[in-house]
Amino acid sequence: MDEEREKLPQHTPEEVDASRRQFLRNLGVTAAMASLLSSGAILEERRAKRAQAETLQTPPSGATELRGTVAVTLQVNGREHTLQLEPRVTLLDALRDHLGLTGTKRVCDRGSCGACTVLLDGKPVYSCSVLAVDAQGKKIETVESLAQGEQLHPVQQAFVEHDALMCGFCTPGFIMSLKALLDKTPQPTAQQVKEACAGNICRCGTYNRIFEAALAAVQSMSRGG
Amino acid sequence: MKAFAYHQPRTVADAVRLLSQRGTMAIAGGQDILGAMKDGLFEPEHLVNLKSLPGLGDIKETSTGLQIGALVTLSDIAEHPVIRRDYTALAEAAEAVATLQIRNVGTIGGNLCQRPRCWYFRDPHVHCLKKGGDQCYAVRGDNRYHAIISPGPCYIVHPSDCAPALIALGAKVTIAGAKGTRTVALKHFFQMPDKNLKGENVLQPGEVVTQITVPKPKAGTRSTYLKVREKDSFDWALVSAAVVLQMQGEICRAATVVLGGVAPVPYDSASAAKMLVGKPVTVQTATAAGKAAVEQATPLEHNAYKVPLAAAVVKRAVLAAARGVRE
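Going down the list, the protein sequences come from chains E and F. The first sequence: position 60 = 375 (this note's numbering), numbered continuously. The second sequence: position 172 = 388 (this note's numbering), numbered continuously.
Keep in mind that a hint or two might mislead.
Partial list, computed: chain F residues near chain E (C-beta under 10 Å) [as the list claims (entries may be wrong)]:
no., residue
1, A221
2, R233
3, I243
4, G349
Here chain E is said to cover these stretches of chain F; the calculated rule only asks that three of the stretch's residues, wherever they fall, bring their Cβ under 8 Å from a Cβ of chain E [said to hold, decoys possible]:
no., segment
5, 481 to 487
6, 502 to 508
7, 516 to 524
Honestly, the hints are just simulated from the structure, not real lab data. For each residue, glycine too, the CB sits at the ideal point set by N, CA and C.
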């Protein structure tokens, strides 16, 4: 018995984490296949094709028209990516489903919760409420850009040290809102920290620790940390 | 969200030509329409991107006031130093809209043209009067957020924060259409449901708002926008008030009081203003203005709380605007 246990393959934590992610990804693919096969999805595809078949009667000469799948070039975390997307794809779905950047979370998908917050030319926006085609030509920053190898961004480090999360699902959105604040206002007041987070919701209610962490990040950044 | 063809016009004339055709809708910042499209409330086959139009994204100061392009973001208005100083009610209103993430993308044109938040209107499964159905479900339903002043038959409240401030400051909108451009006082841009049930304003199919013009306030003018929300971090107004006072010493020479959250249009209360003109601004005159603002109110079953709330918001806004004068 003991011998058998010893023979079991040993995995490093990184390997376990990687295979867990792969498992979840495969699950996602299976779920996507299932939904494609469902009649609702087929009907929707048909309706979409019919809609695209109907052209406007007098298209103006100077206007460009994007229909079907178009090439969309996004500058994400300093790298340029060209994707084939329909105009209806949001920046959030482009990041998560097409670039594999799943740090940006999809929660309400209606511009109400802040979990999908990314920076567009340095300003926080809800990526669920911006079309990917409209984000072209802008500098897009997601939570994945913050850590430099093992070195966390001071806001991330402060969240760890101050235990500023419970379930953690809202955390990337809060981190990006606070990163935008500190880039613009390196010495914010407690009130400015609260205002910067007003567009992010934490259903676990960890607000006090989030505010503490933000102010601690201010301290550590002013020390050059 | 249903698939759509995405049009990128380069001129206002092209945008107007596109929008004059069936099945088209306009998008600017998209902070209202994208959510409505995801919900299936709107299913345009063609979406016309107004952001591709050049020259509508600037704030210009002229000798007679401000020219604000329809594509200027709410953040840019809230942070503009001249607007903060001389058109304070507008800066405060823009800052009170939604969240920073929405203000960074949402435009002033979109803020004025956004659709109402009435939960019956927003529910794609409810075919209410405004959507061509046979009844307004707010009349006998849950109407806690609905109008306390409306001629009927629909009881939405207009959701814009900037509109009451801009009306109080005497703004006009420039509208481009197939027959050229026209200019309308913002006060007359919005329409009550007995005049226009399906829309909230005078825009005809194909027409777009391209610019907002705000006259330079006269000497001694101070203004403020006060908004009361159920959720203070971000929400639509339960009640709001924009107050513009032109003071000469202690005496109020001219006043405008425009309320949000109480009627299907931003509600310009001449009777509230009348209580202030020719008198010093005191707690008594401010209280009288608040009472006058709600004298026409006929609340529904669940929104009578808005009557004393609106009176209090007007009173507080008048006093806050007057304090601005003395500082």
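Results for each hint:
For A221 (chain F), the interface hint holds, the least distance from its beta-carbon to any beta-carbon of chain E being 4 Å, beneath 10 Å. Below 10 Å, beta-carbon pairs count as interface contacts, and R233 (chain F) has one with chain E at about 5 Å; its hint therefore holds. Taking 10 Å as the C-beta cut-off, the interface hint given for I243 (chain F) holds, the closest approach to chain E being about 8 Å. The interface hint given for G349 (chain F) is violated, since its Cβ lies 23 Å from the closest Cβ of chain E, which is over the 10 Å cut-off.
For the segment 481 to 487 of chain F, the assignment as covered by chain E is violated, since 0 residues bring a beta-carbon within under 8 Å of that chain's beta-carbons and 3 are needed. Coverage of the segment 502 to 508 of chain F by chain E is violated in this model, with 0 residues showing a Cβ closer than 8 Å to a Cβ of that chain against a need of three. With 0 residues having a beta carbon nearer than 8 Å to a beta carbon of chain E, the segment 516 to 524 of chain F misses the requirement of three or more and the stated coverage is violated.
Of the numbered hints given earlier, the model fails hints 4, 5, 6 and 7; all others are met.
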